[in-house]
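Listed below, chain by chain, are the residues.
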Amino acid sequence: MEFAELIKTPRVDGVVLHRPFMPTVEGTLCLTGHHLILSSRQDNTEELWLLHSNIDSIEKRFVGSLGHITVKCKDLRVIQLEITGMEECLNIASSIEALSTLDLVSLMYPFFYRPMFEVIEDGWNSFLPQNAFKDLESMTDEWRLSEVNKDFSLCPSYPPLVAVPKDFDDETLKKVATFRHGGRFPVLSYYHKKNGMVMMRAGQPLTGTNGRRCKEDEKLINATLRPGKRGYIIDTRAINVAQQAKARGGGFELEANYPQWRRIHKAIERYNVLQESLIKLVEACNDQSHSMDRWLSKLEASNWQTNVKEILTTACLAAQCIDREGASVLVHGTEGTDSTLQVTSLAQIILDPGCRTVKGFQSLVEREWLQAGHPFQQRCAQSAFSNSKPRHEAPVFLLFLDCVWQILRQFPCSFEFNESFLVLLFEHAYASQFGTFLGNSAAERARLCLPEKTVSLWSWVNRPQELERLTNPLYEPNSLVIWPSVAPQSLLLWEGVFLRWNRSSKCLDEAYEEMVHIIEYNKELQTKVNSLRRQLAQLETEDPLLHTP
Amino acid sequence: MEFAEHIKTANVEDVVLRQPLQPPSRGTLCITGHHLLFSDREESDSRQVLLLLRNIDAIEKRMSGSSGTITMKCKDLRVLQLDIPGMEQCLNIAHSIETLSCLDCVSAMYPFFYRPVDLSLPEQWGLSSPEMHYSQMKELYEKWRLSTVNRDYSVCPSYPPAVIVPKSIDDDTLKKAAKFRQGGRFPVLCYYHKKNGMVIMRSSQPLLGANRKRCKEDELLLQAVIEGSDKGYIIDTRSMQQAQQARMTGGGFESKSFYDRWKRFHRQMERGKALQESLIKLVEACGDESNNMDRWLSKLENSKWLSHVQNALSTAGLLVECVERDGHSVLVHGSEGTDCSLLISTLAQLIMDPCCRTMEGFLGLLEREWIQARHPFQQRCAHSAYSHARLQQESPVFLLLLDCVWQLWRQFPLALGFSEALLLRLATEVYASDYGTFLCNSDQERCALEVKERTHCLFRALLRPTERDYYSNPLYERTELAIWPSVHPQSLQLWKGYFLRWTQQVRHLEEAQEEIRNMVIEWGKLARS
Numbered sequence: 000m001e002f003a004e005l006i007k008t009p010r011v012d013g014v015v016l017h018r019p020f021m022p023t024v025e026g027t028l029c030l031t032g033h034h035l036i037l038s039s040r041q042d043n044t045e046e047l048w049l050l051h052s053n054i055d056s057i058e059k060r061f062v063g064s065l066g067h068i069t070v071k072c073k074d075l076r077v078i079q080l081e082i083t084g085m086e087e088c089l090n091i092a093s094s095i096e097a098l099s100t101l102d103l104v105s106l107m108y109p110f111f112y113r114p115m116f117e118v119i120e121d122g123w124n125s126f127l128p129q130n131a132f133k134d135l136e137s138m139t140d141e142w143r144l145s146e147v148n149k150d151f152s153l154c155p156s157y158p159p160l161v162a163v164p165k166d167f168d169d170e171t172l173k174k175v176a177t178f179r180h181g182g183r184f185p186v187l188s189y190y191h192k193k194n195g196m197v198m199m200r201a202g203q204p205l206t207g208t209n210g211r212r213c214k215e216d217e218k219l220i221n222a223t224l225r226p227g228k229r230g231y232i233i234d235t236r237a238i239n240v241a242q243q244a245k246a247r248g249g250g251f252e253l254e255a256n257y258p259q260w261r262r263i264h265k266a267i268e269r270y271n272v273l274q275e276s277l278i279k280l281v282e283a284c285n286d287q288s289h290s291m292d293r294w295l296s297k298l299e300a301s302n303w304q305t306n307v308k309e310i311l312t313t314a315c316l317a318a319q320c321i322d323r324e325g326a327s328v329l330v331h332g333t334e335g336t337d338s339t340l341q342v343t344s345l346a347q348i349i350l351d352p353g354c355r356t357v358k359g360f361q362s363l364v365e366r367e368w369l370q371a372g373h374p375f376q377q378r379c380a381q382s383a384f385s386n387s388k389p390r391h392e393a394p395v396f397l398l399f400l401d402c403v404w405q406i407l408r409q410f411p412c413s414f415e416f417n418e419s420f421l422v423l424l425f426e427h428a429y430a431s432q433f434g435t436f437l438g439n440s441a442a443e444r445a446r447l448c449l450p451e452k453t454v455s456l457w458s459w460v461n462r463p464q465e466l467e468r469l470t471n472p473l474y475e476p477n478s479l480v481i482w483p484s485v486a487p488q489s490l491l492l493w494e495g496v497f498l499r500w501n502r503s504s505k506c507l508d509e510a511y512e513e514m515v516h517i518i519e520y521n522k523e524l525q526t527k528v529n530s531l532r533r534q535l536a537q538l539e540t541e542d543p544l545l546h547t548p
Numbered sequence: 000m001e002f003a004e005h006i007k008t009a010n011v012e013d014v015v016l017r018q019p020l021q022p023p024s025r026g027t028l029c030i031t032g033h034h035l036l037f038s039d040r041e042e043s044d045s046r047q048v049l050l051l052l053r054n055i056d057a058i059e060k061r062m063s064g065s066s067g068t069i070t071m072k073c074k075d076l077r078v079l080q081l082d083i084p085g086m087e088q089c090l091n092i093a094h095s096i097e098t099l100s101c102l103d104c105v106s107a108m109y110p111f112f113y114r115p116v117d118l119s120l121p122e123q124w125g126l127s128s129p130e131m132h133y134s135q136m137k138e139l140y141e142k143w144r145l146s147t148v149n150r151d152y153s154v155c156p157s158y159p160p161a162v163i164v165p166k167s168i169d170d171d172t173l174k175k176a177a178k179f180r181q182g183g184r185f186p187v188l189c190y191y192h193k194k195n196g197m198v199i200m201r202s203s204q205p206l207l208g209a210n211r212k213r214c215k216e217d218e219l220l221l222q223a224v225i226e227g228s229d230k231g232y233i234i235d236t237r238s239m240q241q242a243q244q245a246r247m248t249g250g251g252f253e254s255k256s257f258y259d260r261w262k263r264f265h266r267q268m269e270r271g272k273a274l275q276e277s278l279i280k281l282v283e284a285c286g287d288e289s290n291n292m293d294r295w296l297s298k299l300e301n302s303k304w305l306s307h308v309q310n311a312l313s314t315a316g317l318l319v320e321c322v323e324r325d326g327h328s329v330l331v332h333g334s335e336g337t338d339c340s341l342l343i344s345t346l347a348q349l350i351m352d353p354c355c356r357t358m359e360g361f362l363g364l365l366e367r368e369w370i371q372a373r374h375p376f377q378q379r380c381a382h383s384a385y386s387h388a389r390l391q392q393e394s395p396v397f398l399l400l401l402d403c404v405w406q407l408w409r410q411f412p413l414a415l416g417f418s419e420a421l422l423l424r425l426a427t428e429v430y431a432s433d434y435g436t437f438l439c440n441s442d443q444e445r446c447a448l449e450v451k452e453r454t455h456c457l458f459r460a461l462l463r464p465t466e467r468d469y470y471s472n473p474l475y476e477r478t479e480l481a482i483w484p485s486v487h488p489q490s491l492q493l494w495k496g497y498f499l500r501w502t503q504q505v506r507h508l509e510e511a512q513e514e515i516r517n518m519v520i521e522w523g524k525l526a527r528s
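Going down the list, the sequences are from chains A and B. Under numbering that gives the first Met the number 0, the first sequence has 59 at position 60, and the numbering climbs by one with no breaks. Under numbering that gives the first Met the number 0, the second sequence has 42 at position 43, and the numbering climbs by one with no breaks.
Wrong hints could be hidden among the right ones.
Said to hold, decoys possible - Simulated DEER-style distance windows between Cβ atoms:
#: 1; chain 1: B; residue 1: ALA460; chain 2: A; residue 2: VAL118; range: 34 to 44 Å
#: 2; chain 1: B; residue 1: LEU49; chain 2: A; residue 2: SER530; range: 38 to 48 Å
#: 3; chain 1: A; residue 1: ARG225; chain 2: B; residue 2: HIS94; range: 51 to 61 Å
What the hints assert, rightly or not - The calculated lysine-lysine pairs, modelled on DSSO-like cross-linking and capped at a C-alpha distance of 30 Å, are:
#: 4; chain 1: B; residue 1: LYS495; chain 2: A; residue 2: LYS505
#: 5; chain 1: A; residue 1: LYS297; chain 2: B; residue 2: LYS142
#: 6; chain 1: B; residue 1: LYS142; chain 2: B; residue 2: LYS193
#: 7; chain 1: A; residue 1: LYS297; chain 2: B; residue 2: LYS495
To be verified - Now the stretches of chain A that chain B is said to cover, found in silico as 3 or more residues with beta-carbon under 8 Å:
#: 8; stretch: 96-106
#: 9; stretch: 481-491
I should point out that these hints are in silico values taken from the structure, not numbers from a laboratory. For every residue, glycine included, the Cβ atom is placed at its ideal position computed from N, Cα and C.
Bound conformation, chain A alone:
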């Protein structure tokens, strides 16, 4: 087995581990193909099991023959290992470095992981497009499920099945696909039951400098409009960025060719800018200088909160067009795989109570992120600590989760899941034993045979014991549209992720548990009261003596 070549020293004794807010542990360090394990072989101390793929960067330092390795993880945790012996330390460090940066997907842990739990429901089959379409069919007959992309040839980043307007045959779709970036022709993302309006998403139109047009594309999106109604195109780029895109063959929908659509430009940051924002934010959070001014200016300079605000604002705009204006919406940026998905998925959380349940949210992530072709593997290859030059990395999904957290915080009773669920998704998007977030598209996932060879995250999550931990005790279904406040004053830093390892959450966790306990007990008592009432009513009807005065 090839991992063995990378592991020069598989085990070292007497290693001391320092973790934030946990007691120091001394024990044996073992390296396996996928894990860094530290065990003290004492019953009461917690072991450390760390996936190599969770390691973002390591630093080594020597004081005499005592080596210090600082391991910085993608989930933003920082731990320290003290290893005696220079050679051991160097070996361990270089092994970790090699193992944590393996590029080959098929060597990743999900392919080796065997579940230690009983799979009740196979997550790979939980959210198939055809099932989602059945729900749609119950509401409208204006859409059909097209198999035009069944071999991924038309659009490599789309799933095999997509929902398109009923009257458009696959031939037309093929023509439209040539006019959209990456073949991402407009498809249905959300149907608003209340008024029949829809949200679609696509890649940018390839108008180029000479203003190319595509009649089929125009017809396709016009087909979603009600007679006499206008629709909105939300372009997630600033107007000048969209203009510049023309020079590279891209562009935007010209008013002349799409007279029934009003185009709105919203600037959402992309790629490197977002990655740098994350790096700066995490750096600010770990700043030890103890100066309030410094912290607040670093927070401001990171621009992270601004990014959160811009994304939420755009999502609110999309939701507003649909719900308040009663208009259909098409969302796109350049590729339509990043900011576009942030907007369409957040708009659904605002509009659709179904997306605020545990299952509904999983389904949303599956539909709008995994099947919609967000390139998870590229975007989440490195996190905030990496020293390597970022290529395709960008915390697009993390920003989405942050936005969801903001809404959840503002509407604490409207979500069936709690913050832990969002944190869990963040962790697994970056490093996981499950195959869900592997690959960059449905096509890649099919090629890797993930459903056959790996376990789905949803299989693990959708078991009673996990669900219990992830559900919000305050949940009360709220069928209304929930409009989050996007005023800067209303948006908070997501402490649960960014300050998670810098603060002791013991007291907060205790309070949360206490609250859960109170609510549970309250429910129990309610049931008791109800059953006693029933018994009393029964006795009253059965026993005639009770009626005589």
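Following the hints, put chain B in place on chain A, whose structure we already have.
Positioned in the frame of chain A, the structure of chain B alone reads:
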């Protein structure tokens, strides 16, 4: 009655009231000597808004045609707007509000007129007295005594008639020591740490002056405090430089040569005007509607409010460290000893002493440290963040305390017996109240005006069963441990419940808390039945 001359128009019909979080409503406006009363005309679900005129910090009027608009900015940070038909009526109303909201005469204030039917004037005003407090602390008897040297307020006008001092120090020594401290505030005991018998004392600055006067009696008094221990600490809430400069104006600090067993720390805490300006900037930032994240964060930073919170908590942390970890007694003072000294001694007690973390305990603590030890409430809270009046003595020291307590509550949600709602209520009451608790600047003034005979006490009202239920923390579980707050800037947050109280999003959070509270109450009922 004298209010009448300020009220030219007492009633106006067809007024539109706009208030945050609610749709505008149309109705009748009345002005009385102390209140602004608005009742809307809806037959079915009629709503009334009763606002203490005292709560109004600033008003702005704008005329357009024959009608006018009055914007009222309240001390509880609410902003209300009245659309009044008729220019003359509008001007009259504005004039009445302007005059009546800042009447200076204390005995004309509403607490002297507040007579709710379900409440008779109390036999005892306040929760406790220095005498009662001393009598309950048996562990003090051996080394400490209750001195009534100040019974007629002649030794120190700002102290209560009875104070706790070392047993070995007689009243004559106290009198001499008092002359050596600003305003006569000689060192008195404010907290006894049962775990190790160490104490927190507070006082004002010693009056060294430029020629370095000394006072044997003051030295003796402090010597007696650390009898049997190797040393004590002095926490001066001014920077070294500020303390040096104070000598020019007759003040100063305890010099090493005369107080050789005392080790002095200087921790600069902002006070007075700077603090008031910080509040004004913060409130301005919170009301900023430019919708720009950078602007909000730089304004927040610029206001320095969170730095003041951090500073207060970390200085209190230092105090706790001296007493609890290091096991030594501490004397706290700044200049007057009526602002920052109280702030940090209060916080330190909350951090160390579980008895101060219950609702009674906390209110008792406020009574001892702020009412009896004299924080000049009337001067400090005359105006809040909106006033255009030139600042005089205003300073939100008490609000800063409440913010710090809120930070503690947020970091230790189980450890405090009261909830955020209590802090919000106190933050409102301190600026405008039906009760007499926060009237006047000292005990002496309170006696002169018969506050204790003629007004109701807020703290007692808050402890009535219904109120107590409302303000208690459903998650409370007593812990004997000290609750050490994290003072990392990353751990401290803006107190949204107060500063953003009148914006939409805080509402949903309140609803969630309300939900839990209801559940606990129901639970209690079910458990009893």
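Now for the hints, and whether the structure bears them out:
Look at ALA460/B against VAL118/A: about 60 Å separates their beta carbons, and that is not inside 34 to 44 Å. The hinted window of 38 to 48 Å between LEU49/B and SER530/A holds, with their beta carbons roughly 45 Å apart. Between ARG225/A and HIS94/B the Cβ separation comes to about 57 Å, which falls inside the hinted range of 51 to 61 Å. Between the alpha carbons of LYS495/B and LYS505/A the distance comes to roughly 23 Å, so the proposed pair stays at or under 30 Å and holds.
A hinted pair counts as satisfied when its Cα atoms are at most 30 Å apart, and LYS297/A with LYS142/B does not qualify at roughly 52 Å. Simply put, LYS142/B and LYS193/B have alpha-carbon atoms about 13 Å apart, close enough for the 30 Å limit, and the pair holds. Between LYS297/A and LYS495/B the CA atoms are separated by roughly 21 Å; this keeps the pair inside 30 Å, and the hint holds. Under the rule that three or more residues need a Cβ within less than 8 Å of chain B, the assignment of the stretch 96-106 of chain A is violated, with 0 such residues.
Here's how the stretch 481-491 of chain A fares: 9 of its residues keep a CB closer than 8 Å to some CB of chain B, so the rule of at least three is met and the hint holds.
The structure fails hints 1, 5, 8 (numbered hints given earlier, in ascending order).
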